[in-house]
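Asker: Numbering follows the UniProt record's numbering, in which position 102 of the sequence shown is assigned residue number 102; successive positions increment by one, without gaps.
Hints listed in this document are in silico derivations from the structure and should not be mistaken for laboratory results. Ideal Cβ positions, reconstructed from N, Cα and C, are used throughout, including at glycine. Among the hints, a few may not be true.
With beta-carbon atoms standing in for the labels, derived distance ranges [to be verified]:
| # | residue 1 | residue 2 | range |
| --- | --- | --- | --- |
| 1 | P11 | L87 | 26 to 34 Å |
| 2 | Q14 | L122 | 31 to 39 Å |
| 3 | S108 | S12 | 32 to 40 Å |
| 4 | A17 | S100 | 27 to 35 Å |
| 5 | P168 | R40 | 13 to 21 Å |
| 6 | V184 | A17 | 19 to 27 Å |
| 7 | T23 | N55 | 25 to 33 Å |
| 8 | N188 | M54 | 33 to 41 Å |
| 9 | T28 | M54 | 12 to 20 Å |
| 10 | Y88 | D33 | 40 to 48 Å |
| 11 | S73 | N109 | 37 to 45 Å |
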Amino acid sequence: MGLVSGSKCPPSCQCQAEEVICTGTQLTEYPPDIPLNTRRLFLNNNSITYLPAMNLGLLSDLVYLDCRDNLISEVMDYTFIGVFRLLYLDLSSNNLSWVSPYSFSMLSNLVQLNISNNPHLLALNKYTFANTSSLRHLDLRNTGLQTLDHSAFQNLLTLQTLYLSGNPWKCNCSFLDFTIYLIVTHLNHPGEDVLGVGEDVLASDPWVPEKGSHKMSRPGRCGSVVECRPMHQEITGLIPCQGTCPGC
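Whole structure, please, built from the sequences with the hints as guidance.
Answerer: Set out below in C-alpha coordinates:
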(Lines of atoms letter the chains of each structure in order from A and count residues from 1; the text may use other names and numbers.)
(Lines give C-alpha, C1' and ligand atoms only; values in the text may rest on other atoms or scores of the structure.)
Protein backbone atom coordinates (compact mmCIF):
# COMPACT_ATOMS: atom_id res chain seq x y z
CA MET A 1 0.00 0.00 0.00
CA GLY A 2 1.31 3.43 -0.86
CA LEU A 3 0.66 6.98 0.12
CA VAL A 4 -2.81 8.38 -0.17
CA SER A 5 -3.04 10.61 -3.22
CA GLY A 6 -1.91 14.16 -2.53
CA SER A 7 -0.37 13.45 0.87
CA LYS A 8 3.23 14.01 1.90
CA CYS A 9 5.64 11.98 4.00
CA PRO A 10 8.26 13.28 6.48
CA PRO A 11 11.84 12.96 5.22
CA SER A 12 13.53 9.68 6.23
CA CYS A 13 10.20 8.21 7.40
CA GLN A 14 8.22 5.44 5.75
CA CYS A 15 4.60 6.10 4.93
CA GLN A 16 1.93 3.63 3.97
CA ALA A 17 -1.81 4.13 3.92
CA GLU A 18 -2.77 5.33 7.41
CA GLU A 19 0.65 4.44 8.91
CA VAL A 20 3.81 6.53 9.38
CA ILE A 21 7.02 4.93 10.66
CA CYS A 22 9.80 7.27 11.82
CA THR A 23 11.52 4.77 14.12
CA GLY A 24 15.21 5.46 14.77
CA THR A 25 15.58 8.26 12.23
CA GLN A 26 17.53 10.63 14.53
CA LEU A 27 14.64 13.06 14.86
CA THR A 28 15.14 15.87 17.37
CA GLU A 29 11.66 17.31 16.94
CA TYR A 30 8.20 16.27 15.84
CA PRO A 31 8.38 15.69 12.06
CA PRO A 32 6.49 17.85 9.55
CA ASP A 33 4.23 16.68 6.75
CA ILE A 34 2.56 13.76 8.51
CA PRO A 35 -0.48 12.78 6.40
CA LEU A 36 -3.70 13.90 8.05
CA ASN A 37 -5.32 10.48 7.64
CA THR A 38 -2.61 8.76 9.73
CA ARG A 39 -3.96 6.21 12.20
CA ARG A 40 -0.69 4.66 13.41
CA LEU A 41 2.34 6.84 14.14
CA PHE A 42 5.73 5.48 15.24
CA LEU A 43 8.14 8.10 16.62
CA ASN A 44 10.08 5.73 18.87
CA ASN A 45 13.88 5.60 19.30
CA ASN A 46 14.62 9.23 18.49
CA SER A 47 15.60 12.38 20.41
CA ILE A 48 12.29 14.25 20.34
CA THR A 49 11.92 16.55 23.37
CA TYR A 50 8.42 17.94 22.88
CA LEU A 51 5.06 16.92 21.42
CA PRO A 52 3.36 19.95 19.80
CA ALA A 53 -0.37 19.94 20.46
CA MET A 54 -1.23 21.85 17.29
CA ASN A 55 0.48 19.30 15.05
CA LEU A 56 -0.88 16.28 16.88
CA GLY A 57 -4.33 17.82 16.93
CA LEU A 58 -4.50 17.64 13.14
CA LEU A 59 -4.41 13.84 13.32
CA SER A 60 -8.01 13.36 14.37
CA ASP A 61 -8.05 9.73 13.18
CA LEU A 62 -4.95 8.70 15.16
CA VAL A 63 -5.47 5.55 17.24
CA TYR A 64 -1.88 4.38 17.88
CA LEU A 65 1.01 6.60 19.02
CA ASP A 66 4.44 5.18 19.92
CA CYS A 67 6.79 7.77 21.46
CA ARG A 68 9.00 5.47 23.56
CA ASP A 69 12.74 6.00 23.84
CA ASN A 70 12.81 9.75 23.26
CA LEU A 71 13.73 12.77 25.40
CA ILE A 72 10.24 14.09 26.17
CA SER A 73 10.34 15.82 29.56
CA GLU A 74 6.74 16.92 30.13
CA VAL A 75 3.18 16.36 28.98
CA MET A 76 0.87 19.35 29.23
CA ASP A 77 -2.91 19.62 29.65
CA TYR A 78 -3.41 20.39 25.97
CA THR A 79 -0.87 17.98 24.41
CA PHE A 80 -3.39 15.34 23.31
CA ILE A 81 -6.45 17.58 23.02
CA GLY A 82 -7.09 16.73 19.35
CA VAL A 83 -6.41 12.98 19.27
CA PHE A 84 -9.54 11.90 21.09
CA ARG A 85 -9.74 8.59 19.16
CA LEU A 86 -6.39 7.41 20.54
CA LEU A 87 -6.42 3.81 21.82
CA TYR A 88 -2.72 3.16 22.44
CA LEU A 89 -0.12 5.58 23.84
CA ASP A 90 3.47 4.68 24.71
CA LEU A 91 5.57 7.33 26.50
CA SER A 92 7.96 4.88 28.15
CA SER A 93 11.72 5.43 28.43
CA ASN A 94 11.65 9.21 28.14
CA ASN A 95 12.76 12.01 30.48
CA LEU A 96 9.30 12.69 31.88
CA SER A 97 9.40 14.71 35.08
CA TRP A 98 5.95 16.28 34.85
CA VAL A 99 2.57 15.04 33.69
CA SER A 100 -0.07 17.77 33.96
CA PRO A 101 -3.22 16.80 35.89
CA TYR A 102 -5.40 16.86 32.77
CA SER A 103 -2.87 15.65 30.20
CA PHE A 104 -5.03 12.68 29.26
CA SER A 105 -8.41 14.32 29.86
CA MET A 106 -9.47 14.05 26.21
CA LEU A 107 -8.45 10.41 25.88
CA SER A 108 -11.67 8.74 26.96
CA ASN A 109 -11.13 5.96 24.39
CA LEU A 110 -7.59 5.13 25.51
CA VAL A 111 -7.17 1.41 26.22
CA GLN A 112 -3.43 1.06 26.86
CA LEU A 113 -1.04 3.60 28.43
CA ASN A 114 2.66 3.04 29.10
CA ILE A 115 4.71 5.63 31.01
CA SER A 116 7.22 3.20 32.50
CA ASN A 117 10.98 3.78 32.73
CA ASN A 118 10.74 7.49 33.50
CA PRO A 119 12.86 7.71 36.67
CA HIS A 120 12.42 11.49 37.03
CA LEU A 121 8.64 11.20 37.29
CA LEU A 122 8.15 11.63 41.05
CA ALA A 123 4.40 12.18 41.32
CA LEU A 124 1.07 11.83 39.53
CA ASN A 125 -1.90 14.03 40.31
CA LYS A 126 -5.04 12.27 41.49
CA TYR A 127 -6.85 13.65 38.43
CA THR A 128 -4.34 12.27 35.90
CA PHE A 129 -6.57 9.33 34.94
CA ALA A 130 -9.93 10.94 35.76
CA ASN A 131 -11.26 10.80 32.19
CA THR A 132 -9.48 7.74 30.81
CA SER A 133 -12.50 5.62 31.60
CA SER A 134 -11.75 3.00 28.90
CA LEU A 135 -8.24 2.24 30.16
CA ARG A 136 -7.53 -1.49 30.51
CA HIS A 137 -3.74 -1.69 30.76
CA LEU A 138 -1.53 0.78 32.64
CA ASP A 139 2.24 0.47 33.03
CA LEU A 140 3.92 2.57 35.74
CA ARG A 141 7.03 0.44 36.28
CA ASN A 142 10.47 1.87 37.01
CA THR A 143 9.56 5.50 37.61
CA GLY A 144 10.38 7.73 40.58
CA LEU A 145 6.91 7.38 42.10
CA GLN A 146 6.95 7.09 45.89
CA THR A 147 3.23 7.03 46.59
CA LEU A 148 -0.11 7.09 44.79
CA ASP A 149 -3.50 8.36 45.83
CA HIS A 150 -5.99 5.50 45.52
CA SER A 151 -8.63 7.95 44.30
CA ALA A 152 -6.57 8.43 41.12
CA PHE A 153 -7.96 5.11 39.90
CA GLN A 154 -11.59 5.41 41.00
CA ASN A 155 -12.89 6.07 37.48
CA LEU A 156 -10.91 3.24 35.87
CA LEU A 157 -13.72 0.72 36.05
CA THR A 158 -12.40 -1.28 33.08
CA LEU A 159 -8.78 -1.47 34.28
CA GLN A 160 -7.49 -5.04 34.05
CA THR A 161 -3.70 -4.87 34.28
CA LEU A 162 -1.58 -2.55 36.41
CA TYR A 163 2.23 -2.71 36.52
CA LEU A 164 3.89 -0.99 39.51
CA SER A 165 7.19 -2.73 40.23
CA GLY A 166 10.58 -1.04 40.35
CA ASN A 167 9.38 2.13 42.10
CA PRO A 168 10.80 3.59 45.36
CA TRP A 169 7.54 3.33 47.31
CA LYS A 170 7.28 5.04 50.69
CA CYS A 171 5.01 3.75 53.44
CA ASN A 172 2.42 6.33 54.46
CA CYS A 173 -1.31 6.47 55.04
CA SER A 174 -2.07 7.31 51.44
CA PHE A 175 -0.08 4.35 50.20
CA LEU A 176 -1.86 2.08 52.65
CA ASP A 177 -5.19 3.18 51.17
CA PHE A 178 -3.79 2.43 47.73
CA THR A 179 -2.69 -1.04 48.81
CA ILE A 180 -6.19 -1.82 50.06
CA TYR A 181 -7.50 -0.69 46.68
CA LEU A 182 -5.15 -3.12 44.93
CA ILE A 183 -6.35 -5.99 47.07
CA VAL A 184 -10.07 -5.47 46.57
CA THR A 185 -9.97 -4.74 42.83
CA HIS A 186 -8.30 -8.05 41.84
CA LEU A 187 -6.23 -6.43 39.09
CA ASN A 188 -3.99 -8.63 36.96
CA HIS A 189 -0.21 -8.33 37.25
CA PRO A 190 1.32 -10.84 34.80
CA GLY A 191 5.08 -11.18 35.18
CA GLU A 192 5.26 -9.02 38.30
CA ASP A 193 7.69 -10.35 40.92
CA VAL A 194 7.51 -7.59 43.50
CA LEU A 195 3.89 -6.53 43.56
CA GLY A 196 0.86 -8.76 43.93
CA VAL A 197 -2.56 -7.24 43.75
CA GLY A 198 -4.92 -10.11 44.50
CA GLU A 199 -6.16 -11.48 47.79
CA ASP A 200 -4.46 -14.81 47.07
CA VAL A 201 -1.09 -13.06 47.03
CA LEU A 202 -1.56 -10.34 49.62
CA ALA A 203 -3.72 -12.29 52.05
CA SER A 204 -1.02 -11.92 54.70
CA ASP A 205 -0.18 -8.35 53.61
CA PRO A 206 3.60 -8.45 54.16
CA TRP A 207 4.11 -4.85 55.24
CA VAL A 208 0.94 -4.20 57.23
CA PRO A 209 1.57 -4.81 60.98
CA GLU A 210 1.45 -8.35 62.27
CA LYS A 211 -1.51 -9.38 64.36
CA GLY A 212 -1.38 -7.93 67.84
CA SER A 213 0.99 -5.07 67.02
CA HIS A 214 -1.16 -2.24 65.60
CA LYS A 215 -4.70 -2.12 64.28
CA MET A 216 -6.28 -0.14 61.50
CA SER A 217 -8.85 2.31 62.78
CA ARG A 218 -11.03 1.51 59.75
CA PRO A 219 -10.48 -0.18 56.37
CA GLY A 220 -8.01 1.73 54.25
CA ARG A 221 -6.67 3.89 57.06
CA CYS A 222 -3.79 3.42 59.45
CA GLY A 223 -3.85 3.45 63.23
CA SER A 224 -1.00 4.74 65.37
CA VAL A 225 1.96 3.50 63.34
CA VAL A 226 2.25 1.20 60.36
CA GLU A 227 5.70 -0.31 60.15
CA CYS A 228 7.20 -1.33 56.84
CA ARG A 229 9.15 -4.53 56.65
CA PRO A 230 12.11 -5.01 54.29
CA MET A 231 11.36 -6.43 50.89
CA HIS A 232 12.48 -10.01 50.28
CA GLN A 233 13.38 -10.49 46.64
CA GLU A 234 12.41 -14.16 46.60
CA ILE A 235 8.88 -13.70 47.89
CA THR A 236 6.20 -12.57 45.49
CA GLY A 237 3.42 -10.25 46.49
CA LEU A 238 5.62 -7.77 48.35
CA ILE A 239 5.37 -4.03 48.04
CA PRO A 240 8.90 -2.63 48.39
CA CYS A 241 8.60 0.48 50.53
CA GLN A 242 10.48 2.32 53.23
CA GLY A 243 9.49 4.42 56.25
CA THR A 244 6.62 4.51 58.70
CA CYS A 245 3.08 5.78 58.68
CA PRO A 246 2.48 8.10 61.67
CA GLY A 247 -0.97 8.51 63.16
CA CYS A 248 -3.37 10.18 60.78
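Asker: Hint by hint, note whether the structure agrees.
Answerer: Cross-check of the supplied hints:
1. Restraint check, P11 to L87: a C-beta distance of roughly 28 Å satisfies the suggested window 26 to 34 Å.
2. Between Q14 and L122 the beta carbons are some 37 Å apart, a value that agrees with the proposed interval 31 to 39 Å.
3. At about 34 Å, the beta-carbon gap between S108 and S12 stays in the expected band of 32 to 40 Å.
4. Roughly 34 Å separates the CB atoms of A17 and S100, a value that falls within the hinted 27 to 35 Å.
5. Checked against the hint of 13 to 21 Å, the pair P168 and R40 fails, with Cβ atoms roughly 35 Å apart.
6. Taking the beta carbon of each, V184 and A17 are about 46 Å apart, not inside 19 to 27 Å as hinted.
7. Range check, T23 to N55: Cβ separation about 18 Å, and the 25 to 33 Å hint is violated.
8. A beta carbon spacing of about 38 Å between N188 and M54 agrees with the range 33 to 41 Å that was offered as a hint.
9. The hint said 12 to 20 Å for the Cβ distance between T28 and M54, and at roughly 18 Å that hint holds.
10. For Y88 and D33, the hinted distance range of 40 to 48 Å is not satisfied, since their beta carbons lie about 23 Å from each other.
11. The hinted range of 37 to 45 Å is not satisfied by S73 and N109, whose Cβ atoms lie roughly 26 Å apart.
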